[in-house]
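Please take these sequences and the hints and turn them into a complete structure.
There are 2 protein chains.
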Amino acid sequence: MRSHYCGDLRSANIDETVTLCGWVDRRRDHGGVIFLDLRDRAGIVQVVFDPDTEEHFERADKVRSEYVLKVTGRVRARSEATVNPAMATGEIEVLGKQLEILNSAETPPFQLDEYTAVGEDVRLKYRYMDLRRHEMQERLIMRSRITSAVRNFLDAEGFLDIETPVLTRATPEGARDYLVPSRTHPGQFFALPQSPQLFKQLLMVSGFDRYYQIARCFRDEDLRADRQPEFTQIDIETAFLDQDAIMEITERMVRQLFGTVLDVDLGDIPHMTYAEAMDRFGSDRPDLRIALELVSLDDLMQQVDFKVFRGPADDLAGRVAALRVPGGATISRKEIDNYTSYVSVFGARGLAWIKVNDLAAGVEGLQSPILKFMPEAVVAEMMQRLGAADGDIIFFGADKVKVVNEALGALRVKVAEDQGLVADGWAPLWVVDFPMFEEDGEGGWTPLHHPFTAPACSVEALEASPGEALSKAYDLVLNGTELGGGSIRIHDQSMQQAVLRILGIDDEEAREKFGFLLDALKYGAPPHGGLAFGLDRIVMLMTGAQSIRDVIAFPKTQTAACVMTEAPSDVSARQLRELNIRLREKSADGIA
Amino acid sequence: MRSHYCGDLRSANIDETVTLCGWVDRRRDHGGVIFLDLRDRAGIVQVVFDPDTEEHFERADKVRSEYVLKVTGRVRARSEATVNPAMATGEIEVLGKQLEILNSAETPPFQLDEYTAVGEDVRLKYRYMDLRRHEMQERLIMRSRITSAVRNFLDAEGFLDIETPVLTRATPEGARDYLVPSRTHPGQFFALPQSPQLFKQLLMVSGFDRYYQIARCFRDEDLRADRQPEFTQIDIETAFLDQDAIMEITERMVRQLFGTVLDVDLGDIPHMTYAEAMDRFGSDRPDLRIALELVSLDDLMQQVDFKVFRGPADDLAGRVAALRVPGGATISRKEIDNYTSYVSVFGARGLAWIKVNDLAAGVEGLQSPILKFMPEAVVAEMMQRLGAADGDIIFFGADKVKVVNEALGALRVKVAEDQGLVADGWAPLWVVDFPMFEEDGEGGWTPLHHPFTAPACSVEALEASPGEALSKAYDLVLNGTELGGGSIRIHDQSMQQAVLRILGIDDEEAREKFGFLLDALKYGAPPHGGLAFGLDRIVMLMTGAQSIRDVIAFPKTQTAACVMTEAPSDVSARQLRELNIRLREKSADGIA
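Going down the list, the sequences are from chains A and B. Counted the way this note's numbering counts, the first sequence spans residues 1 to 592. Counted the way this note's numbering counts, the second sequence spans residues 1 to 592.
Be a bit skeptical, because a hint or two may be false.
Remember, identical chains collapse to one label, so a pair may be satisfied in a single copy or spanning two.
Lysine-lysine pairs mimicking PhoX-like chemistry, simulated, CA-CA at most 25 Å apart [said to hold, decoys possible]:
| id | residue 1 | residue 2 |
| --- | --- | --- |
| 1 | Lys400 | Lys97 |
| 2 | Lys62 | Lys402 |
| 3 | Lys70 | Lys522 |
| 4 | Lys307 | Lys70 |
| 5 | Lys414 | Lys355 |
| 6 | Lys125 | Lys522 |
| 7 | Lys372 | Lys513 |
| 8 | Lys70 | Lys414 |
| 9 | Lys372 | Lys400 |
| 10 | Lys400 | Lys70 |
| 11 | Lys372 | Lys334 |
| 12 | Lys307 | Lys125 |
| 13 | Lys70 | Lys355 |
| 14 | Lys62 | Lys400 |
| 15 | Lys97 | Lys62 |
No lab work stands behind these hints, which were simulated from the structure alone.
Given below as structure tokens:
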């Protein structure tokens with residue numbers, strides 16, 4: 001129906017007769033003529049109707065916001081006074097000759113340019129209107145370009161796109177499964193996959209060598225701001241490649257993606273061990289755009305009497321660390337109080353601080369409630385170690401290692417954001433050498449990744465000291481967000497059994513949960529490994545969106561509902577009967 | 001780890017030192033040396049180990065079928081006597097220098113080259129072994145190439161890949177939904193989508209203009225041979241394109257797909273109306289590789305007394321038609337009996353036939369139990385109309401139109417297959433001008449496609465005679481299989497309401513089922529339409545697979561179960577409680 005997209009017209013089209021289709025973004029009359037801003041997915045162009053077009057002018061007079069039009073006219077230059085440099089099409093306009101109203105529109109539930117005034121629930125209820133906004137169009141168009149760029153790269157590298165089941169068996173990822181009652185097997189249920197993990201490993205056992213899938217995954221968890229019940233993973237697995245080769249190929253993929261879509265060169269991506277990341281940044285996904293670092297003070301604090309510091313300093317499982325914030329001396333007491341309650345969420349029982357007013361004046365030039373507890377020599381040594389300068393503030397964490405890292409790691413990011421200390425640009429990082437296990441708090445071990453992750457050591461070493469063992473896992477972090485992660489998997493039966501033993505998963509449980517994978521390892525499993533990227537997060541980062549809901553066409557709310565379609569919804573008694581289930585009704589005493 | 005794929009080595013690689021990784025397809029010792037057929041996804045190559053490689057020879061001696069090896073060696077030409085022209089790598093072999101056993105393998109549950117001897121259930125239980133077979137590798141590799149070719153075409157044409165929800169609301173496709181209990185909304189359920197139909201229409205209302213998605217769809221139906229509970233659709237929707245433009249663009253897509261993947265030029269695809277297809281082939285998806293056609297004899301049979309023919313011939317809702325099978329006079333009475341019971345499935349109460357032995361001899365030269373009921377002149381006229389020739393058999397159908405079309409339409413295909421009358425090659429066809437509605441047998445109407453399909457006439461004409469109205473729907477048929485179909489959708493509210501009225505869907509039911517779509521039509525819905533292709537069927541056709549299960553990596557059995565993962569499976573009482581459901585247990589008298 002159209003000859004051009006509205007948003008694509010430029011000076012080069014002047015004097016061409018064009019036919020456009022789109023929506024009325026705005027209608028104005030001025031000086032006896034009618035101006036229509038016509039919008040399509042490419043953008044907006046101004047169309048002018050003079051009275052001498054007769055019935056077309058009359059129609060133009062009748063149209064309202066969001067009417068759907070087909071317009072034919074001639075492209076002409078705008079007069080110098082009316083050129084609009086803010087618009088891509090701002091040098092030209094279309095002199096309308098013919099106008100056909102393809103559809104009318106009732107007054108929209110909200111004006112597209114006033115979307116911020118309405119709640120997100122209204123935007124989600126009328127999602128088809130919200131998606132007309134330029135910003136939302138751009139985000140979903142970029143999402144499509146991102147998946148396309150990823151696929152092109154992987155296709156070219158010989159990866160095969162293979163689909164794995166959505167109706168499947170519960171997998172051992174650890175989150176809560178969505179379940180689907182089976183009609184043909186009464187009383188039994190499918191689970192929706194939390195990831196294609198086991199299937200992609202089986203595809204390697206099958207010899208497909210290089211697999212990928214842009215796969216929908218499902219987790220029935222209480223939703224945080226950046227989570228959705230269904231999300232999308234760029235899922236990759238390879239055989240006969242070692243960790244370095246897998247990291248190299250996926251690094252090239254991400255670099256090419258940023259190059260193609262954003263014209264950004266991410267450069268060589270540095271590697272950092274998990275231990276170093278925790279030590280310097282208190283996080284296994286450090287945002288390297290922030291120059292602030294944690295500095296360990298355990299040895300120094302073993303010399304003080306101040307119990308709050310001395311205790312953790314003496315404790316092998318404790319840590320005392322400082323975070324120096326240049327220019328932070330201007331932070332008010334009220335703000336410090338806010339930071340104190342912020343870190344309390346991570347279990348920190350306080351937030352000690354020192355403001356550096358005049359370093360040359362020694363302790364006199366410092367301001368802090370804790371100075372009195374520390375010998376001057378310790379303070380001086382500390383200032384030197386921290387590289388303190390006038391105008392700084394120094395925050396302290398002293399507790400179990402985990403608490404200190406989480407509290408100061410989070411504080412580091414928050415203070416940097418508040419104080420404008422986050423540099424522009426992109427800071428990617430590979431984090432490697434993760435521990436295999438962490439303590440589960442009940443004397444046992446849980447896997448840091450999943451039970452199929454290969455350790456970097458022998459069965460003997462693993463069994464001798466599980467807490468020391470490192471895994472062949474790797475995460476790709478960008479600007480403090482985990483883009484993706486993966487590992488070399490265990491392809492050796494005896495190693496798999498050792499790991500399951502350490503995790504306290506007995507044979508029966510293992511067979512029940514993933515016996516088919518254990519079987520598969522018996523029949524010639526190749527060395528294999530892979531990783532998975534969170535597509536939604538990548539799109540968020542690349543579009544600068546603040547919410548995952550802004551990069552998904554039809555997202556769920558935080559209660560896991562769709563306000564547009566009103567899903568979930570009631571179903572009929574017949575459907576329940578066919579599925580061999582009943583609703584659980586509360587009895588009179590409120591106990592189900 | 002490898003320098004080459006096994007299956008890629010050719011004479012050009014002679015004298016190169018290569019490193020290969022793969023599975024032992026076969027191991028033989030002969031004349032003091034060991035021959036290993038090493039297999040990867042690209043194919044098989046022969047590796048030879050001489051005793052002078054010492055420990056490597058010893059290892060080669062130990063390996064068994066399906067061991068995983070890494071082999072380094074030198075490519076050399078085979079002696080003329082041992083060249084194997086049946087193998088792509090048959091001109092060369094690799095003289096092994098080093099052998100590393102990457103993993104051993106227990107004796108496989110079945111030998112890969114003897115898979116036909118084991119039941120499909122065994123193949124599905126050990127699917128990761130079954131997938132190692134060359135045939136299965138090729139099918140899934142071709143599936144990946146097909147999706148890639150489709151995506152490349154659509155990306156280049158400006159289509160946006162947009163994901164729609166899997167956890168959603170029941171849609172009105174008419175099949176049974178898979179349901180997912182909501183934990184956060186007790187007593188309510190999501191439905192898995194039978195197609196993204198409503199969402200893709202909303203995306204057009206949102207202005208995305210050109211959408212596609214290779215989308216998983218779900219139907220909880222009793223499974224026929226070519227159905228799966230989850231299947232994959234190439235889903236397409238456009239705005240501002242008319243029927244011809246949509247057919248043109250998708251025809252180019254399919255032609256490019258066949259060109260890229262199979263090097264086949266499908267040529268311009270002919271169009272045929274639904275009415276003509278039913279009349280000539282008794283089917284709306286005729287296999288045009290078969291030259292046989294149905295010929296109507298109603299006018300002739302109005303002249304006979306034979307009630308079996310006369311009744312339907314006089315009935316406006318009846319039909320008498322014949323199917324001439326050249327060379328079919330050799331078909332035995334027993335085979336005719338089999339065909340008779342075959343057509344009875346479609347409601348035909350018999351299968352009259354005439355064998356043409358000697359046309360020149362008149363009625364004397366014909367053989368049939370029904371000749372005695374028909375005047376000679378009618379028989380002569382019929383023979384002429386059918387173009388009968390010596391050696392033919394003619395089958396008859398006489399009943400309601402629907403029964404005759406279904407019975408003779410199916411018989412046409414079956415006889416052609418049995419008699420070797422199916423030509424080689426590809427016979428694509430567009431079927432157009434479908435009726436809007438068909439009678440539901442209870443005095444009402446049901447949609448031939450779905451309630452959002454646009455009619456080719458005005459609201460007034462539609463309401464005046466729903467049974468006469470044609471729709472703007474179109475199906476693409478290939479070799480008798482429906483590859484895909486679609487339609488222009490209704491974008492006009494009053495038309496949508498008229499269609500819902502005719503279907504007997506009242507306002508309340510409409511709002512309950514898809515009120516959000518009706519709302520969306522109010523706020524500026526553009527003219528739009530699209531279609532959906534069944535990816536699994538396309539892959540079946542293009543790979544020549546006989547079963548849909550052979551083109552899906554991890555399919556379900558006919559009872560909708562996965563024998564490998566043992567899904568569906570039992571779940572815990574805790575999970576049921578969280579989801580607010582109970583199992584329905586049979587009471588003592590067997591009533592739930």
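Verification of the hints:
no., hint, result
1, Lys400 with Lys97, "neither (75 Å within a copy, 55 Å between copies)"
2, Lys62 with Lys402, "neither (66 Å within a copy, 50 Å between copies)"
3, Lys70 with Lys522, "between (65 Å within a copy, 18 Å between copies)"
4, Lys307 with Lys70, "neither (77 Å within a copy, 60 Å between copies)"
5, Lys414 with Lys355, "within (18 Å within a copy, 90 Å between copies)"
6, Lys125 with Lys522, "between (52 Å within a copy, 14 Å between copies)"
7, Lys372 with Lys513, "neither (58 Å within a copy, 71 Å between copies)"
8, Lys70 with Lys414, "neither (50 Å within a copy, 51 Å between copies)"
9, Lys372 with Lys400, "within (24 Å within a copy, 103 Å between copies)"
10, Lys400 with Lys70, "neither (68 Å within a copy, 47 Å between copies)"
11, Lys372 with Lys334, "within (22 Å within a copy, 109 Å between copies)"
12, Lys307 with Lys125, "neither (56 Å within a copy, 62 Å between copies)"
13, Lys70 with Lys355, "neither (66 Å within a copy, 62 Å between copies)"
14, Lys62 with Lys400, "neither (70 Å within a copy, 54 Å between copies)"
15, Lys97 with Lys62, "within (16 Å within a copy, 84 Å between copies)"
Of the numbered hints given earlier, the model fails hints 1, 2, 4, 7, 8, 10, 12, 13, 14; all others are met.
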